[in-house]
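Sequence lines, in order, name chains P and S.
So the first sequence is numbered by the numbering used here: it starts at 44 and just counts up by one.
So the second sequence is numbered by the numbering used here: it starts at 991 and just counts up by one.
Please keep in mind that the hints were generated in silico from the structure rather than gathered at the bench.
Just to be clear, a hint being listed does not mean it is correct.
Unchecked claim - In silico lysine-lysine, DSSO-like type, Cα no more than 27 Å apart, as pairs:
id: 1; chain 1: S; residue 1: Lys1370; chain 2: P; residue 2: Lys66
id: 2; chain 1: S; residue 1: Lys1370; chain 2: S; residue 2: Lys1262
id: 3; chain 1: S; residue 1: Lys1070; chain 2: S; residue 2: Lys1239
id: 4; chain 1: P; residue 1: Lys66; chain 2: S; residue 2: Lys1304
id: 5; chain 1: S; residue 1: Lys1239; chain 2: S; residue 2: Lys1221
id: 6; chain 1: S; residue 1: Lys1070; chain 2: S; residue 2: Lys1262
id: 7; chain 1: P; residue 1: Lys61; chain 2: S; residue 2: Lys1239
One-letter residues, chain by chain:
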Amino acid sequence: MTIQAWLQSAVADAERRKLPELKALLEALARSLTALRAADFNDHANH
Amino acid sequence: MHIEEFARRLRARETTVEQATNEALRRAEAEQSRLNAFIRIMHAEAHQQARGLDQELASGRDRGPLHGIPVTIKDILDIKGVATTAASNVREGSIAQRDCPAVAHLRQAGAVFIGKTNLHEFAFGTTNEDSAFGPARNPFDPSRSPGGSSGGSAAALAAGIGLATIGTDTGGSIRIPAAACGLVGLKPTLGEVSTEGVVPLSRTMDHVGPLTRSVADASLVFHALLGDPAKSPPPPVPLSGLRLAVARKYFCDLLDDGVRNEFEAALDRLRKAGAHVDDIEIHHANDIAPIYLSLVLADGAAYHATTLEAMPEKYSPAVRLRLEMGRYILAEDYVRALAGREVLTREVDAALGQHDALVLPTLPIPAPVLGASTVEVDGKLESIRNVMLRLTQLFDVTGHPAIAIPMGMTTAGLPTSLQLVGGRQQTDALLRVALACERLITK
């Protein structure tokens, strides 16, 4: 799942669960996860 | 007073366990309205323990250096017959059926339990503000946080209540309050002290350890937590020839001026005493926060998922939201964080391969004002939570032992703290380095 798709899904779920305050936190978490995925220690199937 | 001094006075019959217990209980009550350090003060239990320990000593049974010392316990560790609240309404009525191993070892060593101390709810915060029992306050300035999550523990000890306190550390929760309150705080190697019977935040990163007024006291309490209360503090290493490593990139990028000045002055004193201070780099330092966050959020969410569904209103709002956030971490990102954890562990191991310890500040800022969510550092507005975790969370991720020792004060009269980090499973070696540095650094 891409970070963008994950964020859209997570925010929609938080709103459905009546937790709109989570949106800003999830956006911050999305930035953190983007950095995690960009780190050079990740394995990739093509190298 | 330090533990060894109390032990000497006790055996010279200059004091009794009951007198020391009474004094600690009196202070705990007297400071409660100012500091809110306690969730429960254990008058009856402490008096009963004290009487028994005085009788034992009179009859010739001596439990060792911790016999009769007043100790406070973060209210996240189980003491038999006492509620473990974790500072949360979620745990209403949770009476512990037995002592957790850490507490059992202290009881066996002769410690007297004065009370259960306040904390950031479920140990999930750095300021102690989110507690069902209200915030604990810093004895140096009650408008400020004592740090967290073991904030009540640090506030109590810094106010002169007891001779040691026990905290837990998942991102810095022993070392941060030790730094904010001018104390020594030891996070042992991951897994060294049992976390059984401790309400978890992250089962993969939680540590139990002491906060004390000296490194020698930390050594005594650490060994008692391991079930070896008779072990004397080790001798300090010679400062001449000591090999220290400083990772300036990232770890010194964001420091309050007062902290930076004290840190540089401490390094100067160490160099003048003959220590070698080398610059090194932790290459993946910028990945520390994303790795830590992914691990702690998911670990915390796994433990709390059921109660988040059943009784969400019983959590304080900020802690509830952070725990809810963890429920959205994807498995693939958790696995990436585990891979990053291995990389960081290897990098810290490598840095320590050529050095006796890493040296860095413990807390980039002095104790923050209660109620603030941001702080200005180097002209930039930073999240208080992020900046407080910045220099400690790495060693919860990697499991290396780390100790906070007091440096000097800022111009505003607030404590600053030096952090030393040692090799895994080499906590005693780290204590020897800390003993040597304490003599030179702690004012």
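Tested hints:
1. S:Lys1370 x P:Lys66: 24 Å, holds
2. S:Lys1370 x S:Lys1262: 34 Å, violated
3. S:Lys1070 x S:Lys1239: Distance ~46 Å between S:Lys1070 and S:Lys1239 Cα, so the pair is violated.
4. P:Lys66 x S:Lys1304: 21 Å, holds
5. S:Lys1239 x S:Lys1221: Between S:Lys1239 and S:Lys1221 the Cα gap is close to 38 Å, so the pair fails against 27 Å, i.e. violated.
6. S:Lys1070 x S:Lys1262: Violated - the C-alpha atoms of S:Lys1262 and S:Lys1070 are around 50 Å apart, more than 27 Å.
7. P:Lys61 x S:Lys1239: Between P:Lys61 and S:Lys1239 the Cα gap is close to 42 Å, so the pair fails against 27 Å, i.e. violated.
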